[in-house]
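Undergrad: For reference, the chains in residue letters:
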Amino acid sequence: MGERLQQQQSGRSMILAAVAGVALTAPLLGMMGFSFLATLTLLFISLPLLLLFSPLLLFVGLVFMVALAGFAIAATMAFAGVSALAWIYREIRDFRRFATKMDYKQQVGAQSHVEQMGSVEDRSMLDLDDECLDSPGTEVQKTQVPFSGQQLPFSDGFPIGGNKMIRNGVYGSIKTVVFSNKLNLLMPFGPLAILVHKLTTSNGWVFFLSLLGITPLAERLGYATEQLAFYTGPTVGGLLNATFGNATEMIISIYALKSGMTRVVQLSLLGSILSNMLLVLGCAFFCGGLAYHRKEQVFNKATAVVNSGLLLMAVMGLLFPAVLHYTHTERRAGKSELALSRFSSCIMLVAYAAYLFFQLRSQNDLYSPIDEEGSHHEEGSDNDEDEAPEITKWESVIWLTILTAWISILSDYLVDTIQGASEAWDLSIAFISVILLPIIGNAAEHASAIMFAMKDKLDISLGVAIGSSTQISMFGIPFCVVIGWMMGREMDLNFQLFETATLFITVIVVAFFLQEGTSNYFKGLMLILCYLIVAASFFAHEDPTTTDQSKQPKT
Amino acid sequence: MDKMNYKGQIGVTSHIEMGPLDGAMLPMHDLVDECLYSSEMDAQKTQPILSNQRVLFSGLRVGGYKMTRNGVYKSIKTVVFSNKLNLLMPFGPLAIMVHKMSASNSWVFFLSLLGITPLAERLGYATEQLAFYTGPTVGGLLNATFGNATELIISIYALKSGMTRVVQLSLLGSILSNMLLVLGCAFFCGGLVHYGKEQVFSKATAVVNSGLLLMAVMGLLFPAVLHYTHTERKVGKSELSLSRFSSCVMLLAYAAYLVFQLKSQNDNYVPVGEEGSHNGENDDDEDEAPEISKWESIIWLAIMTAWISILSDYLVDTIEGASEAWDVPIAFISVILLPIIGNAAEHASAIMFAMKDKLDISLGVAIGSSTQISMFGIPFCVVIGWAMGREMDLNFQLFETATLFITVIVVAFFLQEGTSNYFKGLMLILCYLIVSASFFVHEDPSAVGQSKIPKT
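Protein sequence lines, in the order shown, are assigned to chains A and B. Going letter by letter, the first sequence gives residues 1 to 555 in full-length UniProt numbering. Going letter by letter, the second sequence gives residues 1 to 456 in full-length UniProt numbering.
Among the hints, a few may not be true.
[Stated by the list, open to error] List of simulated lysine-lysine pairs, BS3-like, C-alpha gap at most 27 Å:
(1) K74/B to K294/B
(2) K197/B to K356/B
(3) K335/A to K258/A
(4) K198/A to K258/A
(5) K74/B to K160/B
(6) K263/B to K295/A
(7) K77/B to K203/B
(8) K77/B to K295/A
(9) K294/B to K77/B
(10) K301/A to K263/B
(11) K203/B to K301/A
(12) K424/B to K203/B
Calculated directly from the structure, the hints in this document are not laboratory data.
Start from the sequences, fold in the hints, and give me the full structure.
TA: This is the structure we're talking about:
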């Protein structure tokens, strides 16, 4: 019964992925058709002209070159779209055959992973995300690779040399990391963004494409971090997850800091907190409440309360510089606020470190029997899967580096084109930074939180949503202030009155909703509607500092 | 006495009030009737049954004419003369007379305010009588909509006159007085009466209501902060569009709240509901004799609404004159005086239920009313203003928004425990005193400006 439910739910996410894939290929095919038609039109228009002005051979040559390029683009789009459609079709067909095998793997995987901050009971969200988004093709791959990995050293590897084994290892690694997730369909958008940036000056397109390109990289980064966490043990693994959990936002922020766009840093971090607290949590509560209509879902009240307390402390840290600035009661105007922000950031970092310490200690104290059992499971069942289908320690380190590098490159483009996109789309920079950027950047976490809520694992959803908010507010923001301090940028904790008030009321509303320890679809709907109000407010909000910043030359 | 208790107990299980739907709701107006009844009413109650029978036997002979006239007379007797509060009813026509004869705005204001009070109470009574005939679901919806019909009618008239600031202030004052004064008095009196033990109420309902109030504060906060920090994209227009969008979202949330309440009531309380409807059928004997029939309740509903509208017109017209005559700011009159006197009946019934250790009903009256006004009344007025072409928005200015914010936080904090005692009640009342004092010294810039605009 439970298997069937899991099967249905995995089928559902499958269908969602299929729909997303179709939605993605449809514009591709549309672009193909459009470019094809455009080329044909160009030819038809220019042909009579050619006949009239035949001596202009250069002109003729140019026209033919453009036509060829148009046809080539059309063909490329068609190829990409058709291959994506074929892939989706193949995956769906294979999924139906291997559904039961996937259930078994899910159950095994459920018991053996350690999630980021929170209790040991939390599950590895991204890993199970993989499971659900995995096609059975990967299943086949996973069973095949152990054979190829183990046969070679005995039969061919030693005489031929490590070359073949390394090459198969690299290929297997790429297959596992890159091709095992449907979300990676978006990966080509990254290089495409760079291409478009070099070819055209359309900032809006570059921004959008780099944003789409970052999304799968962010998800893969989390995956690589968790793989690495296997080898480092639960303590360092928890630390890794705590630091790299929001690495994407941190990288984007550091690049924005380097460009001197401190306001964008503040707004994007704030938007990340708001979207995690309201949208992700609200969707999780809502979908979970609808799926479990009769009973009320419960979650660990203690964890929720601790996180709410930390969020309130972050609000306090942000409130004082803003109020100080707004009431014009600083001792030395301009300097005091910055000094206070830097001091508060250090305090907040100390608080966050203490929180990690407290979490890991209480996890060790309270959960040592389960922990031993968990690690036993890890050693027992995972080792076979770690070294075969998943990636080895060095591979994960290498992938971590590669993905971080890619994210950095795309972040550079993202940050550079945000103002151009804001002007092109006639949206305020505040709206783009606070609402659009986090929604798309957090898409993977969002999907996994909803999925876990629908499986009645509300603690994990809460860990994803609220834990992420706490991490950004108590670690991300102060860390950026300190980084800005080292870089010589004047990044402070004064988020301006409107944003600070928004964060304050949001934290109070969410802390209030969480204090009971239960959830139902109504609470989720309330949180989603609150997010709608917040988004509408930012849509109507013109941030005075960003308009000033847009006129300064960037360094 | 016994009959009164029995009727009280039947009434407990058969009504749906807004707020806690745990089956322990009482028709507050019904019990208000009971308590304000003199013993001669008991005599009257037995008499109509006898006279009814006599009428039936004789009226069939004389013709339906006499029976209709006696029915009308009886109906008037039941609705109009059965409540001590209706002693204030003549003040309504008196206000109209004074308005026509003299130019004293303050007297007209005061008299129309006194005249509205019993009409508001009777309106609630008629709504509940109608709720008998329509079943719990529609009855709940009726109570949810008409529960604060008086405030809404006053607000719509003020909107029509272009006095959007008075609308905002009166709705805000209604929320504040319900949350602090009515609830505080209920807790205080209940705590004094039940001195030894701590009274408990349904924590779940209180938490849901507090959450909705916080969401309302959020909806009000953003336009105010947007306006105050001068960070709107298109000055003047963005705030209005944001207010209208937020109002639609809040109305949607309120509708979802009603759906959620009714569905959980159906799921969880089916046994109690059946018992209640069974008892409700017992009521039918008493409904058709001392209480009023379905068509009577609808007619009385219409009559009350019409009367309240007329008096509201005078009220709104004379509020500025009264403010000048008494040398009291319009903000104070709208926020403090208007709701206290307008809500007198609900106030009394909440206190009475608290003293009977039925704290859930008091909470439903007080906090449920606040939630209804904040999540339904205010957005509804914004939408009505949108339809009328008035620029009513959710920007209640910083002072009022801050007041609402801190009040909601204080009340949510007091409610989260699920218990009450006289100390908590005293705290809430004292908080209300602080709020009133603040509004006494608060000069509202936009209201002053409005008083000089000629009314359309």
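Undergrad: The structure should be examined with respect to each hint, and the outcome stated for every one.
TA: Cross-check of the supplied hints:
1. The suggested pairing of K74/B with K294/B holds, with an alpha-carbon distance near 15 Å, which does not exceed 27 Å.
2. Distance hint between K197/B and K356/B is fulfilled; the C-alpha atoms sit about 13 Å from each other, no more than 27 Å.
3. This hinted pair checks out: K335/A and K258/A have alpha carbons roughly 21 Å apart, not beyond 27 Å.
4. Taking the CA atoms of K198/A and K258/A, the gap is about 22 Å. The hint holds against a cut of 27 Å.
5. For a cut-off of 27 Å, the pair hint linking K74/B to K160/B is broken: about 37 Å separates their Cα positions.
6. For the hint pairing K263/B with K295/A, the CA-to-CA distance comes to about 13 Å; that is within 27 Å, so the pair holds.
7. Between K77/B and K203/B the alpha-carbon distance is near 41 Å, which puts this suggested pair outside the 27 Å criterion.
8. A threshold of 27 Å between alpha carbons decides the hint, and for K77/B with K295/A the separation of about 49 Å lies outside it, so the pair is violated.
9. A threshold of 27 Å between alpha carbons decides the hint, and for K294/B with K77/B the separation of about 16 Å falls inside it, so the pair holds.
10. For the given pair, K301/A sits about 26 Å from K263/B by alpha-carbon distance, which is consistent with the 27 Å threshold.
11. For the proposed pair K203/B and K301/A, the alpha carbon gap of about 16 Å is at most 27 Å, so the pair holds.
12. Distance hint between K424/B and K203/B is fulfilled; the C-alpha atoms sit about 16 Å from each other, no more than 27 Å.
Consistency note: the structure conflicts with the earlier hints numbered 5, 7 and 8.
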